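Student: Can you make the complete structure from the sequences, with help from the hints?
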Amino acid sequence: MVRPQRGSNPSSSSSSARRAERALVKWVEGAHANQITPDVDLDWIIGIDAASPEFPETYAIEWRVPPRPRNGWPVYDGLVMDISSDLDYLKSRAQELEQQRGDSRSDSDSAGSSGSSERSCSAGSSGSSERSCSSQKSGSNADSNPLDVNSDALRQLLQSLVTQGSLNTRKSPHKSSSTPPSEEKVCVGKSLWVSSQIYSMAANAPSPGRMVRPLLRQAFSRRRLIKSSYAGQRRKKDGTMVVKPGLKKYQKMADIHAFVLKKFPHMSQASFGATVNSFLGEKPNVIHHMEYVEESEESASEEDN
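Here the sequence shown is numbered in the working numbering, starting from 576 and rising by one per residue.
Don't read these hints as lab results, they were simulated from the structure. These numbers come from a predicted model, not from an experiment. Think of the CB as a built atom: it goes at the ideal place given N, C-alpha and C, for glycine as much as any other residue. Where hints are given, some of them may not hold.
What the hints assert, rightly or not - Straight-line distance between alpha carbons at most 27 Å, and here's what the computed DSSO-like set of lysine-lysine pairs gives: (1) Lys838 - Lys760; (2) Lys823 - Lys837; (3) Lys837 - Lys760; (4) Lys838 - Lys765; (5) Lys601 - Lys838.
Said to hold, decoys possible - Here are the computed distance ranges between Cβ atoms for each label pair: (6) Ala833 - Asn646: 15 to 21 Å; (7) Ala626 - Lys837: 53 to 59 Å; (8) Lys819 - Gln675: 25 to 31 Å; (9) Pro631 - Ala778: 20 to 26 Å; (10) Ser735 - Asn609: 33 to 39 Å; (11) Leu733 - Ser775: 45 to 51 Å; (12) Ala626 - Arg798: 45 to 51 Å; (13) Asn779 - Lys666: 31 to 37 Å; (14) Asn609 - Trp768: 22 to 28 Å; (15) Gln675 - Gln808: 40 to 46 Å; (16) Asp678 - Lys824: 33 to 39 Å.
Tutor: Structural data, given as structure tokens:
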């Protein structure tokens, strides 16, 4: 339920009161990622039920800060953490959350420093203190150190490796194929095939942005996502015409749009284009353990069209 303004009667809410309500939002993506905004208008939040909003919940939110771009307001994912018509209350909640985040960061820093001091093990001492530290790490029995070429542990290790190798040779006379079995593919629309894991991730995404990102990586290569825009763009830079190819013309992009509309039918063409553009470019596509579709000869020929 929406938190009522302090001192007000919950049963006397009206449409004007709903419009006065604001949301406390922690941004998930965009230039303000991980930052908290305490006064987001509910009209900015796509698909939220103003009468009985659900929170905390992740929504697609339009960033309606002038000037308005020609292709519509940019859309970012944001976590709606609280809703109220009392702006002072939302600001105090934002300060509390910032304080909690600062305290947790300080705790992790102190834990890391204490761990490093334990690992140092009296690095500044000398003589007998250093020998004592070394003996604590290695143990009193020299034969237990596998790095000692004369130790029993090393001889036993070598013997076990030789024995295991001979067993493997007898059991596996032929080399086994290192190629993993092909992963099951699912068709999205008419031409886009994605892995079942990516399909499940997109189908269960809580916002359009979360749906679009993994599908784009499966539809287009990283190089094309970096240099393209949704509808294409022509502009002059230092007297030279710079052209950004558009992705809107491809059937794969139409498949992604239709797939998103099944879950978010309210989403307009402009909002979808803004969502796609927020993912394109060099910065959003820095590789952080992300998998992109490989460029094939077919995709290379499409790029020249």
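Student: All hints are to be evaluated individually against the structure, with a verdict given for each.
Tutor: Evaluated hints:
Restraint check: the Cα-Cα separation between Lys838 and Lys760 comes to about 21 Å, which is no more than 27 Å; the hinted pair holds. Under the criterion of a C-alpha separation no larger than 27 Å, the hint pairing Lys823 with Lys837 is consistent with the structure, at around 18 Å. Pair hint Lys837 plus Lys760 holds up; C-alpha atoms about 20 Å apart against a cutoff of 27 Å. For the hint pairing Lys838 with Lys765, the CA-to-CA distance comes to about 18 Å; that is within 27 Å, so the pair holds.
As the CA atoms of Lys601 and Lys838 are separated by approximately 23 Å, the hinted pair is consistent with the 27 Å bound. For the hinted restraint 15 to 21 Å between Ala833 and Asn646, the CB-CB distance of approximately 20 Å keeps it satisfied. Checking the proposed 53 to 59 Å range against Ala626 and Lys837 shows it is violated: the Cβ atoms sit about 25 Å from each other. At roughly 42 Å, the beta-carbon separation of Lys819 and Gln675 lies outside the given 25 to 31 Å, and the hint is violated.
At about 22 Å, the CB distance of Pro631 to Ala778 agrees with the hint of 20 to 26 Å. At roughly 50 Å, the beta-carbon separation of Ser735 and Asn609 lies outside the given 33 to 39 Å, and the hint is violated. Taking 45 to 51 Å as the suggested C-beta distance range, the pair Leu733 and Ser775 conforms, at roughly 47 Å. Between Ala626 and Arg798 the CB atoms are about 46 Å apart, so this pair conforms to the stated range of 45 to 51 Å.
As the Cβ distance of Asn779 to Lys666 is approximately 34 Å, the hint placing it in 31 to 37 Å holds. Between Asn609 and Trp768 the CB atoms are about 34 Å apart, so this pair departs from the stated range of 22 to 28 Å. Our hint of 40 to 46 Å for Gln675 and Gln808 holds, since their Cβ atoms are close to 42 Å apart. Remark: the range hint 33 to 39 Å for Asp678 to Lys824 is contradicted by a beta-carbon distance near 51 Å.
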